[in-house]
Structure formats: structure tokens, C-alpha cells
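Visitor: Listed below are the residues making up each chain.
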Amino acid sequence: AQSVAQPEDQVNVAEGNPLTVKCTYSVSGNPYLFWYVQYPNRGLQFLLKYITGDNLVKGSYGFEAEFNKSQTSFHLKKPSALVSDSALYFCAVRDRISGGYNKLIFGAGTRLAVHP
Amino acid sequence: EAQVTQNPRYLITVTGKKLTVTCSQNMNHEYMSWYRQDPGLGLRQIYYSMNVEVTDKGDVPEGYKVSRKEKRNFPLILESPSPNQTSLYFCASSSTGRGYNEQFFGPGTRLTVL
Chain A
1 AQSVAQPEDQ
11 VNVAEGNPLT
21 VKCTYSVSGN
31 PYLFWYVQYP
41 NRGLQFLLKY
51 ITGDNLVKGS
61 YGFEAEFNKS
71 QTSFHLKKPS
81 ALVSDSALYF
91 CAVRDRISGG
101 YNKLIFGAGT
111 RLAVHP
Chain B
1 EAQVTQNPRY
11 LITVTGKKLT
21 VTCSQNMNHE
31 YMSWYRQDPG
41 LGLRQIYYSM
51 NVEVTDKGDV
61 PEGYKVSRKE
71 KRNFPLILES
81 PSPNQTSLYF
91 CASSSTGRGY
101 NEQFFGPGTR
111 LTVL
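So the protein sequences, as listed, match chains A and B.
If you're matching positions, the first sequence starts at 1 in our numbering and goes up one per residue.
If you're matching positions, the second sequence starts at 1 in our numbering and goes up one per residue.
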């Protein structure tokens, strides 16, 4: 079965410093990988995805993620963190179901806290 | 504005009292889905729909029902709610269920069952 793991419940970083939120996956076949962000009292918002092509994927709000097939990882990164980046981040992977359709399997989430 | 709407946003109810959470999208999306979010567990899929009149169980369907009579609407029904269904619920949609499209999420419904 497909799965995704976010090994850190919380990541703390000072404003202006680079941030990394980790994600590892286990899939059969080619992975489709996603990052979503959840701000307080809001629904999830799409940040970026990897389907195929360049291993470095750029997304919204200055975030990027690097797909590493050998390490089965898809870590989310940003060169300079903002206090407004503080939120809950979810990694997700596609899981195939019948009839050529798919669904998303979500990780447990990582809370990012950016301190002034 | 392209969006997914859910109602109500907050609901407190008692065990056994039937309730419906509505979900509507204005993007003409084929695929819609319901998730519940619980601390430490991430989002778990309850039911999904590939198109009108096509629905199927997700990972945690027990105690829930859905219907998809119109493309834009995908209500979640709890026939006899129990306290273990206290959770934060999200409806989501995407243009297709083919796996490469991002999903758009509603603002969430926080349900408490006493």
C-alpha cells in the first residue's frame, strides 16, 4: 500500500532562516507527490506537486520541494522563512484505485512555527 | 470566485440525531471527496465521487453516507452520529480523479457529537 510519512510533528525556525519540512514516501510505480498548507481555521491550500520532470519543483509563496527518488523523499523548502509561513503542512501521495482513478494519502502533518 | 463551500462551519449535536453537512463547488469538477481530520492522523478519506451518481467508500466510511445527484453538490450524511465522529470535516474537489490534479478544499466543518 502507498504511504507517506512526515517524521517531525513540529519544526521551529527563526524568521529569515531557511526552512525544511520533511516527507518520505513509499509507493509502487511512479509517485505523484503533493504539498498542502493549512492556515488556522482554513481549509487546505495546494502549494506544489511533482508528477514528472525536474526534481526541483517550485510552488506558491516562495516554496519549493526536491524529489529524491533514491531516498524516496520530497522535502519542502524555503530559503527565507516568514512569520506568516507558520501553519500546518501536509505531504500527500497518489494511491491508485480501480478504474484508472486515484486518491490522495496524506501524512499526519507537520506544524511549522516561525519565530520573529 | 472558484471555491468549495461547506455548511455549517460549526455544529454541536447529540448522539443519534441525524445531520447533513452540505458541500458545493462552482468549478464544474468531476471529482469530489470528504475527509476527516483528527490530531496526529492527518486527513483520512471518508467517501469520494468520480462523477454524478458514482460514489465509493474511502478509508473510514463507517457511519457516513453520501449522495451525488448533481455535479456541484456532495452532501455528507450522518444518520446516527456518535461521539467518535467528533472531528473536523473537509470537502474537496478536483477536475478529475486521475491523480495529477490538485484538490481544492472547503473551509471545514467542525462537528461535536455529545
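If you are wondering where the hints come from, they were derived from the structure by calculation, not from laboratory data.
Treat the hints with care, as some may be off.
[As the list claims (entries may be wrong)] Straight-line alpha carbon distances no greater than 30 Å define the calculated BS3-like cross-link-like pairs of lysine-lysine that follow:
id	chain 1	residue 1	chain 2	residue 2
1	A	K49	B	K18
2	A	K49	B	K17
3	B	K57	B	K69
[What the hints assert, rightly or not] Residues of chain A placed beyond 10 Å of chain B at every Cβ, according to the derived structure:
id	residue
4	D9
5	Y32
6	N41
7	N68
8	A87
9	N102
10	G107
For glycine and all other residues, C-beta sits at the position ideal for the given N, C-alpha and C.
Visitor: Decide, hint by hint, whether the structure agrees.
Guide: Results for each hint:
Distance restraint check for A/K49 and B/K18: the Cα-Cα separation of roughly 38 Å exceeds the 30 Å cut-off, and the hinted pair is therefore not satisfied. Distance check on the hinted pair: A/K49 and B/K17 sit about 40 Å apart at the alpha-carbon level, beyond 30 Å; violated. Annotation: proposed proximity of B/K57 to B/K69 holds, straight-line Cα distance about 17 Å (limit 30 Å). Under the 10 Å C-beta cut-off, the non-interface status given to A/D9 relative to chain B is violated; the minimum distance is some 8 Å.
Under the 10 Å C-beta cut-off, the non-interface status given to A/Y32 relative to chain B is violated; the minimum distance is some 5 Å. Not every Cβ of chain B is farther than 10 Å from the Cβ of A/N41; the closest lies at roughly 8 Å, contradicting the non-interface assignment. At roughly 20 Å from the closest C-beta of chain B, the C-beta of A/N68 stays outside 10 Å, upholding its exclusion from the interface. Non-interface call for A/A87 relative to chain B: holds, since the shortest CB-CB distance, roughly 14 Å, exceeds 10 Å.
The Cβ of A/N102 sits about 3 Å from the closest Cβ of chain B, inside the 10 Å cut-off, so the non-interface label is violated. For A/G107, the shortest C-beta to C-beta distance to chain B comes to about 5 Å, within the 10 Å cut-off, and the non-interface label is violated.
Violated hints for the displayed structure, listed by number in ascending order: 1, 2, 4, 5, 6, 9 and 10.
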